[in-house]
Amino acid sequence: MEKRVTFRGWLLPLALIAPQVIISAVFFFYPAGQAVWQSLFIPDPFGLSSQFVGLGNFEFLLSDKFYRASFVTTAVFSTLVTLCSMIPALFLAVIADRLIKGSGVYRTLLIWPYAVAPAVAGVLWLFMFNTRVGVVSWYLSQLGYDWNHVLNDTEAMGLVVVASAWGRISYNFLFFFAALQSVPRSVIEAAAIDGAHFWRRFFTIVLPLLSPTAFFLLVVNVVYAFFETFGVIHTITGGGPQQATTILVYKVFSDGFVGQDLGSSSAQSVILLIVVGLLTVIQFKYVEKRVHY
Amino acid sequence: MKKNFLGALAVTTALSPVAAMAQTEVQFWHAFTGRLGELVKAQVEEFNASQDEYVVVESHKGNYSETLNAGIAAFRAGEQPHILMVFEVGTATMMSAEGAIKPVYEVMAESGASFDPDAYIGAVKGYYTTTDGDMLSLPFNSSTPVLWVNRDAFEAAGVDPDTDLSTWEKVGDVLEQLKAGGEDCPLVTAWQSWIHLENLSAYHDVPFASQDNGFAGLDTELMLNGPAQVAHLTAMGDWAKDGKFIYTGRRNEGGANFRAGECALFTESSAGYAGISSEAEFAFDVRPLPYWEALVSEPQNTIIGGASLWVMEGHDPEAYKGVGEFLSFLSSSGVQASWHQNTGYLPITADAGDVTRAAGFYEQNPGTDIAVIQMTAKEPTANSKGLRLGSFDQIRGIIDEELEAVWSGEKTAQEAMDSAKERGDALLRRFESANQ
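Chains as they are written, first to last, in this note's numbering: chain A, 25 to 317; chain B, 22 to 457.
Some hints here could point you the wrong way.
[Said to hold, decoys possible] List time: in silico DMTMM-like cross-link candidates among lysine to aspartate or glutamate, alpha-carbon distance up to 25 angstroms: (1) A/K89 with B/D446; (2) A/K89 with B/D181; (3) B/K191 with B/D181.
Don't read these hints as lab results, they were simulated from the structure. The structure displayed is predicted, hence computed values, not measured ones.
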């Protein structure tokens, strides 16, 4: 028989969960419900009139080949951002963990980029890679490479990925570093005495012990790449060239706030909601099984 | 002592709202920062100082798109300003918003402020009036594209800076010479869709969209894939391929290159004057926008870009009187003339142009009148009155994307414009159904 803590009556438990329920309802369920409701209409921008179109907005979206392409763009973008922000972070954390002197300074410096807002980070990278006046593009042209992210899809994608992942490395570093510190030294020392070299110890002992952190960061980074990279894309490419960097959330913004098409924008939010929901379910169902707590 | 102090405080706090109530407040939301923001502020202060019945309060609400969004969001919340600055691209959106806007001609009629619709330059006014001639919003800042020339760059490349640049054919030859003379940025542009499609169409008197460019109805379709536009874009695409036309971005990124002296020719708004004249460390001059001799024997007029002031619905009649007075003040010759001279924007009344001419401004600053002449030389036709398309900000985005495909050589001009038409029309149909 399972042992449970039980409360007598209903009032106390209800009161205890009320804040959570109220916050969720006001800030999550109500807006999400509104988005679902609005996605069934084509309203005019001023909210003076609106037309019920049923699933018309979804039909309009899914018949747009650029919208369908933006799923692929989003997948490529978030995979790259996640990898580019987690792998270097892990690498840096491992190195920092081995430092004996000066690790405090090193750690502090590494955390700085996280304080830079995505839009500002975007502008910084844009300055460096500006096709005519950027420092990096100038050096590249000295090497004979003609950098032009305003016309070249791949370069544009590369640039937004790097700019989005850059600040995120700090965040991931912090978590990996903390996790590394909690790996028991005795286990590693035992392995070392047994003759396992550094990388062997890393892959067979450290990495599995880091997996809960890595899994947490995977989820968080995917969500970040989906939703928060908007500022970077807005400042660097504006979704171009030819929508090569238009990820789903950027299209929600540009249709809703530039195009004033709130119906389509709401429908896109609903689709995004479903996509992210599915992704999280997949992550928890399949990836989490490989995680050792 | 303490009692007295409190008493005095109570009296002052009780009095101050009364003092403020005596003056009716008029909220004015605009999109200007920097030098332009200062000039707007100066205009508002001058108006406030000129009378004591109304106080205009100006606030900056971000760039053009952001200002429009702020206005729309405020209207939905019932907190709209009296006057909202909306860029020309948002014109159709505002016009369709019956119930949210109060047409300027109505405001002026009710307020009794002096207002003569005929005083405004036709090509400017035309953009913001109905087909019946009623002015819906007050033109505020209007400019038109011209060709900027870096004379030093011409000389460095061994090309005569006074050479004829009136047609694109001649510009094509000059680009060749510039390239051969070692110039690596012969031509650069700002606002590609506005200059190389919207204005190109008007200038060659061909439609950009059906239904008189959208003036005659919401059931309009893009016609930007016609032979004139395709011919121009094909030539531009070839120049891009040969490194004669350098693409720098969708907005006015090219301005930085031109002002730094890196480029020889620059197609940009006449309002680029303020920036170029203050930053350029080289000899420059202004030429009319070139046209294709193969298409027309002489060009039509170009169309405007910029913004107009919309009056929002839902305020007191007393406040609208203040709005009327303020708008009337803004259109007065003195205010307009100094605005025109300081910014390079067009004067919105013919009178302001005359005042400027009489003051000898054009002789002292050669080329500053080119934009005015280019816009007013010919009576506008149905193709050159302006554009009135819903979701136009987004359509411009689509056009930008397709143009990028032409510049990179991925698509031919015809393919790109056919695709722009198809994608743009889909948005126009949505706008039509949202505003039925």
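Each hint, compared with the structure:
Taking the CA atoms of A/K89 and B/D446, the gap is near 15 angstroms; set against the 25 angstroms cutoff, the hint holds. The hinted pair formed by A/K89 and B/D181 fails the criterion: a straight-line CA distance of about 49 angstroms is larger than 25 angstroms. Using a Cα cut-off of 25 angstroms, the hinted pair B/K191 and B/D181 holds, with the two alpha carbons roughly 13 angstroms apart.
When the structure is compared with the earlier hints, a violation turns up for hint 2 alone.
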